[in-house]
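Single-letter residue listing:
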Amino acid sequence: MNAEAILQVRGLGVDFATARGRLHALDSVDLDVRRGSTLAVVGESGSGKSVLSRTILRLLPPSATVAAGARILFDGEDLLALDRAAIRSVRGRRIAMVFQDPMTALNPVRTIGSQLSEGLRLHLGMKAAAAADRAVELLATVGIASPARRAGQYPHQLSGGMRQRVVIAMAIACEPELLIADEPTTALDVTVQADILDLLARLQADRRMTMILITHDLGIAAGRADEIAVMYAGRIVEKAPTREIFRRSRMPYTAALLRSIPRLDDPPHARLSTIPGRPPVVFGNAQGCGFAPRCERVGSACTERTPAMAADEPGHDYRCWHPLEPV
Amino acid sequence: MSAIIDPPAAGADRPEGLGTPPPQRRFGSFARLWLSVAWVLLIFGVALLADWLPIPPPNSMDFAAAEQGPSKAHLLGADLDGRDLLSRIAHGARVSLTVSLVAPAIGLLGGSLLGLLAAYYAGALRVVILAVTDAMLAFPSLVFALGLTAVLGPSLRNVTIALGIMSIPAFARIARANALPLIGREFVLAARTAGASDAYIMLREILPNMVMALLTYALTMMSIMIVAEGSLSFLGVGVRPPTPSWGGMIAEGREALERVPHVSLIPAAVMFLTVLSLNLIGDHLRQRHEAKAGGLT
Amino acid sequence: MKRFISGWTGRWAGRQAGGLARRGGHVAVVVLLLAVGTFLMLELLPGNLADSLIGENSTPEEVARIEADLGLDRPVVERFGLWAWNALHGDLGRSPLTGEHVAHSIATRLPVSIELMVLAQVLALLMALPLGVLAGYREGSRLDSAISSAAFGTLSVPHFVLGIVLILVFAIWLGWFPATGFRPLSDGLGANLASMFLPALTLALVEAPVYLRLLRSDIATTLREEFVTVARAKGLSDFQVLARHALRPSSFSLITVMGINVGHLIGGAVIIETLFALPGVGRLLIESITRRDYLTLQGVVLFIGVSFVVVNLLVDALYAVLDPRIGARGRR
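Chains as they are written, first to last, in our numbering: chain A, 85 to 411; chain B, 1078 to 1374; chain C, 5 to 336.
Note that these hints are calculated values from the structure, not bench results. A couple of the hints might just be wrong.
Once the Cα atoms are required to be at most 25 Å apart in a straight line, the calculated SDA-like pairs of lysine to any residue come out as [what the hints assert, rightly or not]:
id, chain 1, residue 1, chain 2, residue 2
1, B, K1149, B, L1342
2, A, K211, C, Q244
3, B, K1149, B, V1179
4, B, K1149, B, P1133
5, A, K211, C, L251
6, B, K1149, B, T1175
7, A, K211, A, Y238
8, B, K1149, B, D1139
9, A, K211, A, T225
10, A, K211, A, M187
11, A, K211, C, L129
12, A, K211, C, G179
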C-alpha cells in the first residue's frame, strides 16, 4: 500500500449479463496509482481496459455486476460504496474522463460553449455569464484559435483534432485531480496524435493531475507514462515502471507485444512479428492463464490454475507460471 | 476446465450507455399473433357465410325485441329498430372486408406502377408523377376520400374506388423507395446488356424484389381502410342504408347512447378487435421482414 | 391514417430541406394542382349543377338565369381562371344556398378548429412526452412493454369509437363534461374549455400513441450515443441527461409528424367535430357535402390544401432553427 497513492483498486471484477451468458470483463484487478504520475493501461480490444476506466466512474450499464469484495479507493474513499448523488459529485469534478471518439463525444445540437459551461455551472455553481467566459479561457488553454468564436459554434464545424481538444477542455474544466484518458488519440490522424498527447502532458504538469492513459499502443505508453499495466483477458498480467517493462518484461505476452512493434532500424522486408490467435472473450468460469492458448512457454499448470500476482522486485508485478528470466 | 471461447467481432470492448437491460424474451407474443389470426379468420368466415348462418336477416325489424341486450333470439342483442345486431355485424363485415381487400389492391397496383415508373425513368415523367403524388398527399386523406365520394355518390363501389385512389400516392412512394436501390444493381444492368426491354426488366427483375415490402405495407393499409370506411359510414357518406356497415351501426346507436350503449358499443368492439388483430399481424410481419432485409436497404 | 405518413415522412422532410427556390417552385406546383383538382371536382358532377341547386321543379328560364349568374355558360378554362384569380384575392365566391361568402364561412369556423387543434396537441404532448421518454429510457423493461402495448392498443381504436367511449364514460356516466355542443369564449373560459375538453382529448388520444412511439424509438437510439456517456461522466443526473442532451436530438421525427398533424387539423377534424357538434371547418366541409353546396366545398377544400402546404413550409423552417446541421449545408 503506497501512502502517496491517489487511486487504489482492490479485487475488482466486473461481469456482464448477456444473451450468451455471463461475460467476465474484469477479474481480480489490483492497481495503485501514485499522485501526480501517469499510469498507462495497455491492452488489445477485449482486454477489459475500457471497462476498467468506466468502472472507476461507475458508468457501467445495468447489465453489469461488480464483484462483491471489490473496492476502488480514491483519496481514501471507496467509490463503489458511494450513493448516486455522491458519485455524481465526483464525476467531472474530482475525476474526469477524456473519451476516444471526438466525433461522437460531443452533442451535435448544442454549442461548444454550452457543453463546456455545463460542468462549470453544475459543479462550481458559476452563473451563466461567468461560465461562458471561463469556457472561452479553457478553449484557449487547450490551444484552440479564436476561442470566443468557436465557443458559439457547433461540433460539426470543427475538425477532429479541434474537437478532441474541446473534449479535453471539458474534462479539465473543473480542475479534476485524476484524469482518465481512454484512447484519446486512436480516432485521430497520426499528425494530430502527438499534439494531443503533448497537450495532455502539459496540462497534467500545469495542474498537477494524476493521469491514467488507456491505449492499445505501447509506443504511446512508452513516451508518456511512468508506469505501465498490461492487461489481457480481463486481468492485469504485468505492471511495472516503464523502463522495467521495456527492458525486463517477465510475462511472455508483454514480451510478444514489445516484439511486435516494428523498429526503424529493422532490415528491409523484416517480418512483422505477430502473436498467433486472437484475444478471448471470457464466459463462464475461467480457470487458468488467459494467454495460455497463444503462449510459446505454456506448461501444464498454465491451463489449470490462474497464476497469482507475483513480484520479485518491488514495483514489478507479473502474473505468470513461466516468466521470462530476468536479464 | 477453462471456458474461454473465441472472441466476438471488433468493438466488443465498448460497453453500452444509459439504460438498456439485457434483451428479454417476449412472452405471449405468439399467443397474441395466433389469436389475431384466429379473429381475422372468424370475421372472414362470418362474412362469407352470413347468409347461411341460423340468424335473422339483417334488415328484418323485430320491434318487440328493440333495444334489448343479448338474448336467445338475438345473440348480440338488437338495435333501435329491433334488427339483429349479430346479423348486421356479419353483413357489415362484408362491406368492411371488401373495402379492406379491394382498396389496398387498387393502391398496390396503381401505386406500384407509378412508383416503378418514377424510379426507372427520369425526366418529365418522374417530375409529373412526383408532383401529382405530392399534391394528393397534401390533403388529409379523409377530406380527399370525402370529396371523391361526394363527387361519385355514396355506394360500396364508389367508397372502395375512392379509398383505393387515396392510397395510391403512399404505395407509389414506397414502391419508388424500394425500386431505386434495385435499379442500380448489377442484375438490372446485366438484363439490359442482354437486350431485355424496359417493361421486361421492370416486371421480371425489379418487381419481384419489391413484393415483400409492398405486401407488408398493404396489410397495414387493410386496417387503415377498415377505419376509413367506418369513418365515412359514420359520417353518413359511405355505403347507403339499408346496407349495414359497422360505421353506420355505430352512428345509429349514438342517439341512444344513454339508454342502450350496447347498440353502438358492440359493433365498435368488433371493429376495434379486427383493426387490432390486423395491426398485430402487420407488425409481426414487418419485424420479420425488416430482420431479413438486413443490410439491403 | 396518420400511421403510414410517419413512415416516409423523414425522407419527405429531408427532400424539402434542400434549396429554397426549388421548394418554392415545388409548393407553387402543388398548390396549382390542388386548385385545378378542386375545381375539376365540380366539373365531374353528374347532372346539371344548376338543377341540383334549385331542385326539380324549376322552369328552364330559372335554370338559365342561375346558370348565367354563376357564369356556368362560359368555357371551363375561363371559369377556372376567374375562380383562381378571385381565390388569390381571398374571394372564394358566395354560396348560392346560404348566401354567405365562402371565405367568411371559413373565417368564422376557423377559430374553433384552431382551438381544438391547439388543445389536442397540448394534451397529446402531455401524455406522449413523459411516457415516450420513460419508455425509451427503460427500453426492453416491463414498464416499456406496458407503455408500448397501451400505445399500440390505443392506436388501433378508430377515432369515432374513442369519442363515443369517452362520451359514454365522462359525459353520460360521470357527467363531468357536456356530451356535445360548443360554448364560445364569450360564454366564459370555463364553459368553453369544458365543451372542448372531450373533443380535444379524443383527438389527443388518436395522436399521442404515434408521438409516443416516435419519441421512444428516438430516445432509445440517442441514449446509445457516446455523448450521453460523456454527459454522465460530467456528473449530470439521469434526468438532466435526458432533458438537456437526449431530448432535443430525439425530437425531429416527432416535430415532423406534429407539423403534418397541425397542417391537417387547420382544416378541421371532420369526425371529431361531427361527433361533438363543434362548428369548425371540418363540420363546414361535411355540411357542404350533404347540402350539395359545391361552391363552398370547393373553397373549403382549397383552403385545407393550401394551409397544409403552408404549415409544412413553416415546419421546415423550424428545422433549420432546431438542428444546426441543416441550413448552412442544406442537408443532414
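Tested hints:
With a C-alpha separation of about 19 Å, the suggested pair B:K1149 and B:L1342 falls inside the 25 Å cut-off, and the hint holds. At roughly 18 Å between alpha-carbon atoms, A:K211 and C:Q244 fall within 25 Å of each other, so this suggested pair holds. With a CA separation close to 36 Å, the supplied pair B:K1149 and B:V1179 exceeds the 25 Å bound. A hinted pair counts as satisfied when its Cα atoms are at most 25 Å apart, and B:K1149 with B:P1133 qualifies at roughly 12 Å.
Taking the CA atoms of A:K211 and C:L251, the gap is about 24 Å. The hint holds against a cut of 25 Å. Of the pairs offered as hints, the one joining B:K1149 and B:T1175 is violated, with about 30 Å between alpha carbons and a cut-off of 25 Å exceeded. Taken as a hint, the A:K211 and A:Y238 pair is honoured in the structure, with Cα atoms around 22 Å apart against an allowance of 25 Å. For a cut-off of 25 Å, the pair hint linking B:K1149 to B:D1139 stands: about 14 Å separates their Cα positions.
Of the supplied pair hints, the one linking A:K211 and A:T225 holds, its CA atoms being roughly 21 Å apart against a limit of 25 Å. Only pairs whose Cα atoms come within 25 Å are accepted, and A:K211 paired with A:M187 is rejected, the gap being roughly 29 Å. With a C-alpha separation of about 32 Å, the suggested pairing of A:K211 with C:L129 is violated against the 25 Å cut-off. Taken as a hint, the A:K211 and C:G179 pair is broken in the structure, with Cα atoms around 51 Å apart against an allowance of 25 Å.
Violated hints, listed in ascending order, are 3, 6, 10, 11 and 12; each of the other numbered hints is respected by the structure.
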